[in-house]
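Heads up: the sequence shown is residues 27 to 519, going by my numbering.
Certain hints may be false.
So the derived label-pair ranges between C-beta atoms look like this [to be verified]:
(1) 358 x 409: 22 to 30 angstroms
(2) 446 x 201: 26 to 34 angstroms
(3) 220 x 371: 39 to 47 angstroms
(4) 285 x 462: 18 to 26 angstroms
(5) 169 x 222: 22 to 30 angstroms
(6) 265 x 292: 15 to 23 angstroms
(7) 222 x 122: 39 to 47 angstroms
(8) 476 x 412: 34 to 42 angstroms
With a cut-off of at most 20 angstroms between alpha-carbon atoms, the simulated DMTMM-like pairs for lysine to aspartate or glutamate come out as follows [to be verified]:
(9) 427 x 473
(10) 300 x 253
(11) 289 x 272
(12) 249 x 222
(13) 167 x 186
(14) 250 x 222
(15) 300 x 284
(16) 250 x 220
(17) 249 x 265
(18) 261 x 307
(19) 261 x 287
Calculated directly from the structure, the hints in this document are not laboratory data. Ideal placement from N, C-alpha and C gives every residue a C-beta, glycine not left out.
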Amino acid sequence: MRWLRGRPLIYYTQIVSFTNFFSSLSSNNRSYIHHHRHFLSLLKNSSSSRPVALQVHSQLTTTGSLNQPLNTQIIFLFNTLLRHYALGEFPHQAFSLYKQAQHSTTLSVHFDSFTYSFLIKACANLDYRFLGFQFHALVVKLGFGLGVYVQTALLNMYVDFVSMGEAQKVFDEMPERNLVTWNVMLTGLVKWGDLDAALSLFWEMPSRNIVSWTGIIDGCTQKKSYDRAYSLFRKMMMDEGIMPTEVTVLAIAPAIADLGDLKNCQSIHCHGYKSGLNSADIRVVNNLIDTYAKCGCVRSALQVFEEMPVIRRDLVSWTSVISGFAMHGMAKEAAETFNTMERLGFIPNRVTFLAILNAFSHSGLVEEGLQFFRRMAANCILEPDIKHYGCVIDMLGRAGKLKEAEEIAWETRNHIDSVVIWRTLLGACSVHGDTEMAERVTKKIQEMERGYGGDYILMSNILTGCGKFSDAKNVRTLMDERNVLKVAAHSMG
Numbered sequence: 027m028r029w030l031r032g033r034p035l036i037y038y039t040q041i042v043s044f045t046n047f048f049s050s051l052s053s054n055n056r057s058y059i060h061h062h063r064h065f066l067s068l069l070k071n072s073s074s075s076r077p078v079a080l081q082v083h084s085q086l087t088t089t090g091s092l093n094q095p096l097n098t099q100i101i102f103l104f105n106t107l108l109r110h111y112a113l114g115e116f117p118h119q120a121f122s123l124y125k126q127a128q129h130s131t132t133l134s135v136h137f138d139s140f141t142y143s144f145l146i147k148a149c150a151n152l153d154y155r156f157l158g159f160q161f162h163a164l165v166v167k168l169g170f171g172l173g174v175y176v177q178t179a180l181l182n183m184y185v186d187f188v189s190m191g192e193a194q195k196v197f198d199e200m201p202e203r204n205l206v207t208w209n210v211m212l213t214g215l216v217k218w219g220d221l222d223a224a225l226s227l228f229w230e231m232p233s234r235n236i237v238s239w240t241g242i243i244d245g246c247t248q249k250k251s252y253d254r255a256y257s258l259f260r261k262m263m264m265d266e267g268i269m270p271t272e273v274t275v276l277a278i279a280p281a282i283a284d285l286g287d288l289k290n291c292q293s294i295h296c297h298g299y300k301s302g303l304n305s306a307d308i309r310v311v312n313n314l315i316d317t318y319a320k321c322g323c324v325r326s327a328l329q330v331f332e333e334m335p336v337i338r339r340d341l342v343s344w345t346s347v348i349s350g351f352a353m354h355g356m357a358k359e360a361a362e363t364f365n366t367m368e369r370l371g372f373i374p375n376r377v378t379f380l381a382i383l384n385a386f387s388h389s390g391l392v393e394e395g396l397q398f399f400r401r402m403a404a405n406c407i408l409e410p411d412i413k414h415y416g417c418v419i420d421m422l423g424r425a426g427k428l429k430e431a432e433e434i435a436w437e438t439r440n441h442i443d444s445v446v447i448w449r450t451l452l453g454a455c456s457v458h459g460d461t462e463m464a465e466r467v468t469k470k471i472q473e474m475e476r477g478y479g480g481d482y483i484l485m486s487n488i489l490t491g492c493g494k495f496s497d498a499k500n501v502r503t504l505m506d507e508r509n510v511l512k513v514a515a516h517s518m519g
């Protein structure tokens with residue numbers, strides 16, 4: 027009983043109850059039928075507790091219950107424990123239980139469709155592809171292959187395996203489909219990026235619920251089809267009368283933010299307040315802060331933040347406010363918020379530091395930005411990554427401090443040797459017409475990556491802007507000689 031040490035009292039209570047239950051199985055009358063509801067209640071209350079589930083498993087074995095004929099009552103109990111394992115934290119235990127039952131005096135034919143649906147779900151959770159394929163073949167052989175529960179489990183498994191061809195085949199061959207089945211297929215198409223197929227399937231559905239609508243809206247926002255996402259969102263609410271959940275709000279938020287639709291941001295805010303979503307899920311509130319800021323209303327973003335109980339604010343809340351200030355060039359407010367956050371014991375992450383650096387970059391406060399950057403590196407809290415270095419170089423470039431920007435770019439070569447940093451510096455050279463540095467930077471870029479035509483074109487434009495037409499022509503010639511990929515032009519008409 028070593029695993030019980032330090033466990034809450036409820037574990038002991040459940041173990042005693044399970045032991046008493048299985049003691050009745052060992053009695054002469056074996057009256058488990060009268061006790062199975064009690065057993066199921068105990069197992070349900072144990073949630074995904076591995077110790078409790080293992081105790082049940084052990085009792086099933088020691089009392090010989092696994093060696094009884096798997097009739098209606100015992101298979102129900104067996105499947106309940108199997109489901110507990112398959113959908114819990116230790117799905118591999120489901121296979122141990124199944125193997126024990128297989129090697130008992132009963133035959134596997136006594137297992138039912140629920141047994142195999144749970145085993146298939148365990149395969150999906152563990153990414154056991156080969157075993158999943160074997161169970162697929164087995165359920166077909168045993169005649170369970172056309173059951174809606176088994177087929178839905180198979181469909182979900184193939185979606186998790188990114189085998190959408192197999193998933194489509196299972197879906198097409200289903201003689202009966204329920205709403206869960208349709209939603210699994212829809213979610214799979216969205217998850218793996220086939221938005222056109224997802225939309226086609228969505229409109230084919232005989233009925234749709236909030237899961238269906240949320241899934242397709244999320245698919246549209248993932249593909250940056252924001253107008254379509256918002257159109258679907260409005261149709262869901264106005265035509266179908268379906269109210270969004272917190273997941274729906276999180277799915278539509280990127281569309282509202284990208285469209286800068288302040289009115290609808292306010293509508294979402296109002297709905298969240300009336301429905302209790304704002305108080306129930308901190309992700310919704312954090313998303314509102316970010317969306318308000320992106321819609322141009324940093325005052326409302328700050329109001330949402332300030333109305334949050336202090337104890338509910340997390341690092342994402344603080345970072346969202348700092349990012350909002352950064353978007354609007356409010357570096358002083360961003361710095362004050364950052365300092366307050368640290369005083370309250372929050373440790374900034376990479377996103378937080380990037381937000382504060384962006385605030386100083388957009389406000390032209392170079393020295394303050396450099397102080398935060400050096401502080402980030404010196405305190406050894408986090409090692410600056412490519413985004414932080416790129417932001418600092420951009421900040422220095424905007425201020426015309428190209429020499430300092432170049433020095434920092436050279437600092438990165440030992441641990442972040444990325445062409446993106448050098449292209450950022452080349453862009454700054456273009457703005458300020460520094461041809462000498464631009465030539466050095468272009469040479470460095472070409473050492474790292476020769477095949478991008480944009481670098482040659484930018485260098486040529488820099489030289490042309492300074493009146494060095496012959497040198498500009500030479501760069502274009504070199505570009506043609508190296509057969510560099512040219513950047514396609516786009517008409518604004």
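Which earlier hints can't be squared with this structure? Structure breaks hints 2, 4, 5, 8, 9, 10, 13, 15, 17, 18.
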